[in-house]
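Using the sequences and the hints, build the whole thing.
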Amino acid sequence: MLLDPTFLAIQFLNGLQLASLLFLLAVGLSVVFGLMGFINLAHGTLYMIGAYIGLSVARSTGSFWLALVAAPVAVALLGMVFHVVLLRHMQAASPMKQVLVTFGLIFVGLDSVRYIWGNYSHGIDLPAVLAGGVSVLGETYPIYRLFIIGLGLAVLAALHWGLERTRLGALVRAGVDDRETAAALGIDVGLAFFAVFCLGCALAGLAGVVAAPVLSVYPGMDMSVLILTLIVVVIGGPGSLKGAALGALVIGMAQTFGQVLVPALASVMIYAVMAAVLLARPGGLVRARHG
Amino acid sequence: MTDLAQDRLRLAVAAVMAAAALLWWATAGFFGHELIAQVAIFAIFAMSLDLLVGTAGMVSLGHAAFFGAGAYATAGLTVLLGWPAWLALPASMVVAGLLAVVVGAFAVRLAGVFFIMITLAIGEMVHAYLFRSRTFGGDDGLGGIPRPDLGALGLTLDDPSHFSLAVLTLALLVYLGLRQVVGSPFGQVLAGIHRNEARMRALGCPVRHYKLAAFTLAGAIAGLAGSLAAQHNNFISPELVTWTTSGEALIVVIVGGMGTLVGPVAGAAAVILAGHYLSGLTEYWMFFMGLMFVAVVLIAGDGLQGALERLARRFGRAAG
Chain A
1 MLLDPTFLAI QFLNGLQLAS LLFLLAVGLS VVFGLMGFIN LAHGTLYMIG
51 AYIGLSVARS TGSFWLALVA APVAVALLGM VFHVVLLRHM QAASPMKQVL
101 VTFGLIFVGL DSVRYIWGNY SHGIDLPAVL AGGVSVLGET YPIYRLFIIG
151 LGLAVLAALH WGLERTRLGA LVRAGVDDRE TAAALGIDVG LAFFAVFCLG
201 CALAGLAGVV AAPVLSVYPG MDMSVLILTL IVVVIGGPGS LKGAALGALV
251 IGMAQTFGQV LVPALASVMI YAVMAAVLLA RPGGLVRARH G
Chain B
1001 MTDLAQDRLR LAVAAVMAAA ALLWWATAGF FGHELIAQVA IFAIFAMSLD
1051 LLVGTAGMVS LGHAAFFGAG AYATAGLTVL LGWPAWLALP ASMVVAGLLA
1101 VVVGAFAVRL AGVFFIMITL AIGEMVHAYL FRSRTFGGDD GLGGIPRPDL
1151 GALGLTLDDP SHFSLAVLTL ALLVYLGLRQ VVGSPFGQVL AGIHRNEARM
1201 RALGCPVRHY KLAAFTLAGA IAGLAGSLAA QHNNFISPEL VTWTTSGEAL
1251 IVVIVGGMGT LVGPVAGAAA VILAGHYLSG LTEYWMFFMG LMFVAVVLIA
1301 GDGLQGALER LARRFGRAAG
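Chains as they are written, first to last, in this note's numbering: chain A, 1 to 291; chain B, 1001 to 1320.
Careful: at least some of the hints might be erroneous.
From the structure, some residues in chain B lie toward chain A, with a derived Cβ separation under 7 Å [said to hold, decoys possible]:
| # | residue |
| --- | --- |
| 1 | Met1117 |
| 2 | Met1125 |
| 3 | Gly1137 |
| 4 | Tyr1284 |
| 5 | Met1286 |
| 6 | Val1294 |
| 7 | Val1297 |
Sample of chain A residues with no beta-carbon within 10 Å of chain B, all distances over it, derived [said to hold, decoys possible]:
| # | residue |
| --- | --- |
| 8 | Tyr120 |
| 9 | Asp125 |
| 10 | Ala128 |
| 11 | Val134 |
| 12 | Leu163 |
| 13 | Leu185 |
Derived from the structure by calculation, the hints contain no laboratory data. We put the beta carbon where it would ideally sit given N, CA and C, even for glycine.
This is the structure we're talking about:
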């Protein structure tokens, strides 16, 4: 069974689907980290809130598509508030303090979600277009999972274009490459940070609502995904779009194939992969920063 | 303020806290004693992390792995292998220390955020392993862990008042021991690495060996705290090893005042007590706990002990 091509193809698609979700989560975190050396531990919380807002919108309007738009926008607004109220005033503080503030926010977010939406787990119904399955080498494969893969690829392409071809993208690249020099040349690194931060929040919200129909929506869904996302960022190499994509692919595949091939060790395997990558390449797979 | 005056102030704070703890112990009832034991155990854990973070400058987000290793070693040795509890305690420190040697051998090669991340990942790896381990009861955990029989000394540790006093005494010993370590040449080298690692290396100091030694010692002491926690609860579960435990300890260390040892002890007491009283008031106590973390990190600057020392400096200047 293990070497059956159909089985491998299905698992490969599952791995791609997970990688796609992880990419949506990791890319914002990674570029913000590259710009500011700041890790947002509440990134998983934004993902969870995105899923819940998507849930509420989908339930009240009956439209999954509306939820798909509303959740990222709402989470981006939340990120904006967070930036204006807290982060902006902490630019001078050590990265360690910023990390600890976001650690505190995990608990605030978790209990807020429990208070507003309760402790039960929920699911979101799919629109008819995405609900069915297609035949892959004789097996039926859910269309929705292919949709997630497509969405991840589309976001990757859009971000690549934005980073390479737009003015803001150039500012961000300059900031990641060498923050001091960029600032000395008159680039407003703070503004680039703000834009990337909000975009990262929106993508986390998008990941939440996209994941909702596949994984259920429950308080605590943030934790399970946060650690995976951090691992993706670190092994990919902080600050790099390519790194986030590559890291997501490695972890998505390691997790998926680990679970079917060596179930007993699957939970340990991704950490082992991370340790191995870090020891071989201490700066991650792709280096965004020079020197 | 001179180093000597700073050191005296810390010792004075430690003496005041020890006296307060004794007073509390003497007046506390059953639940009070349970709470004292909990505070003292978390204080030991926080002090061990302070050696790593405050003295050596190694910010670990996976320290709960060694706490868990101590707790699970105690459970395994007593419940599964039938060892006496008094022997399981030092053995658990050895187990946690050995795990720290292995983990540290990898981790000390990395610095900064990468060090934080690899310790986080290894901590989660230990959690994932224990969560699935049939031997240790998986996510259900394992119960029936005995406390040492110190009848020969006239102590019955199953009585919360005796147990909490024993744990308090151990916390005090750990404090005095770590004070010695920090003040020793070994501790001075760690402080030097914290200040300027490149310069220490240029001076010919085997930086990685020192870091590994600090990591191992901190791991062994965290293992002591874990072993005590297992005995205190008579029960272990993977909950002990979650990364949020490491995060809370890190907050306690930074909020209390890194590198001061007394600060983290005060922080540990504050967090345990706040958690205890808040959880009695509302189901959503984690919300307020989180807000408190945020507020304290924003306000405290160099920690409570740091604020106290600044105050003392101002008074010293006014007097002198």
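Point to revise | Outside-interface status for leucine 185 of chain A - nearest CB in chain B farther than 10 Å | key: 26 Å, holds
Review point. Measuring from the C-beta of methionine 1117 of chain B to each C-beta in chain A, is the shortest one below 7 Å?
Key: With a minimum Cβ separation of about 5 Å from chain A (threshold 7 Å), the hint on methionine 1117 of chain B holds.
Check your understanding: Can we trust that tyrosine 120 of chain A is non-interface, i.e. its beta-carbon lies farther than 10 Å from all of chain B?
Key -> 15 Å, holds
Review point. Would aspartate 125 of chain A pass as off the interface with chain B, using Cβ distances and a cut of 10 Å?
Key: 29 Å, holds
Review point. Under the criterion of a CB-CB separation shorter than 7 Å, is glycine 1137 of chain B in contact with chain A as hinted?
Key: 16 Å, violated
**Study point:** 10 Å cut-off, C-beta based - valine 134 of chain A kept clear of every residue in chain B
**Key:** 34 Å, holds
Check your understanding: In terms of Cβ atoms, is chain B entirely out of 10 Å range of alanine 128 of chain A?
Key -> 38 Å, holds
Practice item. Hold the hint about methionine 1125 of chain B up to the distance rule: shortest CB distance to chain A must be less than 7 Å. Key: 4 Å, holds
Exercise for review: Against chain A, run the beta carbon of tyrosine 1284 of chain B and see if the smallest gap drops under 7 Å.
Suggested key: 4 Å, holds
Practice item. Mind checking the CB of valine 1294 of chain B against every CB in chain A and telling me if the closest is under 7 Å? Key: With a closest approach of 4 Å, the valine 1294 of chain B hint holds.
Review point. Can methionine 1286 of chain B be said to touch chain A, with a Cβ gap under 7 Å?
Key: 4 Å, holds
Practice item. Let me know if the C-beta of valine 1297 of chain B comes in closer than 7 Å to any C-beta of chain A, holds or violated. Key: 5 Å, holds
Violated hints amount to a single one, hint 3; each of the other numbered hints is respected by the structure.
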